[in-house]
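Please construct the entire structure, taking both the sequences and the accompanying hints into account.
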Amino acid sequence: MTKLPPSSQNRDPVPVAALRRRTVDAYALEARAKELGTRSIKADSQAAANELTIRCMDLTTLEGADTAGRVLALCNRARHPDPTDPSCPPVAAVCVYPSLVRVAVEAVAGSTVKVASVAGAFPSGQSSLANRLDDIATAVADGADEIDIVINRGAFLSGDYELVHAEILAAKAACGQAHLKTILEVGELGSFEAIRWASMIAMGAGSDVIKTSTGKIGVSATPPIALCMAEAIREFEADTGRSVGLKLAGGIRTAKQASHYLVLVNETLGSKWLDPDWFRFGASGLLNDVMLQRRFRSSGRYARPSDLPVD
Amino acid sequence: MTDPTSPGSASPATPSPADSLGAPKTYKLFVGGAFIRSESGRVAAVHDTNGSVIARVAEASRKDLRDAVTAARGAQPGWAGATPYLRGQILYRVAEMLDGRSTQLAAELEACGASRQAAIDEVTESIDCWVWWAGWADKITQVLGGVNSVAGPFLNVSTPEPTGVVGLCTAAERPLAALSSVLAPALCVGNTAVVVAPLDSALAPLTFGEVLATSDLPKGVANLLVGSHTDLGPWLADHDDVDALDISGVSADLAEDLLARSAGNLKRVAATNGRRSPQTAGEFLDLKTVWHPARL
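Chains F and Z supply the protein sequences, listed in that same order. Note that my numbering gives residue 298 to position 298 of the first sequence, counting from 1, and the numbers run on in steps of one. Note that my numbering gives residue 197 to position 197 of the second sequence, counting from 1, and the numbers run on in steps of one.
Hints in this document: simulated from the structure, not taken from any laboratory. Hints may contain errors.
Label-pair distances were calculated between CB atoms; the ranges are [to be verified]:
no.	chain 1	residue 1	chain 2	residue 2	range
1	Z	32	F	70	48 to 58 Å
2	Z	161	F	163	54 to 64 Å
3	F	28	Z	257	49 to 59 Å
Which stretches of chain Z does chain F cover? Using the computed rule of at least three CB atoms under 8 Å from a CB of chain F, they are [claimed, not checked]:
no.	segment
4	64-73
5	239-245
Even glycine gets a Cβ: it sits at the ideal position worked out from N, Cα and C.
Take a look at the structure:
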């Protein structure tokens, strides 16, 4: 089992009034993110980045058409991403809907793979707080190790930050021992200032991880957004002494993209974050591209994408 | 060609005279419907018979080849799913566009060493080749497929289907005709293609990319690379996602190596030499046979 972040961390919530709100220089942010995406990562470094990408991956299926069979197949892939190569590490977690948590928990038992569940009226969050908390409590009772919730964007966009904070706080309490990952749904927040401020509120309310997006809308993780959130995490750590994890989700499909994000995280937050306890990719298609790279490295020949599983 | 009857005249119409722009043209690769420089940044100079630089050519690397295969794979279902009639129309359109570029193409062939008359003949032959295969697009199934006689109460039907992504190593001699004579049959029957044309006579093949780009051919259906067969051929033969390989243009030694590599991933290999026969297209087809429990 990967370790949970040290419980010695001060976990007291930080009230909204005590959080630092600041402007963001969008041009500088975009330029810096672009520059971090130009590093050439080859040979051994590339192989190491691919291994880390696998270890930091939340293999995800969040479809209305999900079945127990599909989740079982996903869990098998999570434990043995490459069945032909025992040296391939398992992924960090599988991410499923609450109704399938029990199936996933049983399927990954005995491995290091954790079960994450989206909860709290994912992906819109548009339901009563009582319903959302009940959703979380059910998923935790069914054995989920990690809970992914969305913030109340309606409240955030209308300026009711106290409500956003209070709801995350309540969700954190409902999680008990489970890790709370808070999805900001950055594509609906409108600006880098808003993303940074939402990050601060989510961290102040006790989230263990902040996450970019649900993957259900067009705009999701991009390098500038990842950099914006990583800088917020760095500042929050400097202010409070508490480290918070980062999860990037949506739109990350190639091993090359993933390695550029690893560079960005390492340069912004340091090598401590290059670890599944502190950093995750939420993805489904990414694993196949990483597998193609691994196969190329081991065989010296380009592999056939259609030889890999569809999901 | 203003005066095709005077071969060897003092100043042949060179393909990219430095007169207007003051610098020779850089010919780019054609991958996924875009004209790209090589990922490797390599550019080779092409010289005329007097040794002066007449053009520069982007030289493809193995990563360009990988990207071209990805583009071809992406375009394959759409092209195979297009009606044979439409594929025929588009191939005929290629012939029309080629006709419109005939002067430029002949000049490029001449600049790479062909006599003026041979260059003109080669362009004419290439145009004719595309028209010929355009006509075959909606007829090949009738010739290569059919109802089979079987000893039982079954209807047994064989129908040809495109192999998928084909790699084509085309010859350096008569480069435009060589390219047309293998690319046209491969596309005619619904495959997508990655062409590797040799570097030293690459001007006309790369201009042919500009012809393809203006002829309604969907992006990625045909991809043109230039480079050494010795460098790129093995990557193509080893590539698990290339279904067939035409080695008409490679040396005997290399052909042996490519055959061995292709055996490793069950790739079909042919040296059709672009023969004008339905059998040439047959090299890029798989026959699917269906048993149906009923007689005609």
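Hint by hint, which ones does the structure fall short of? When the structure is compared with the hints, only number 1 turns out to be violated.
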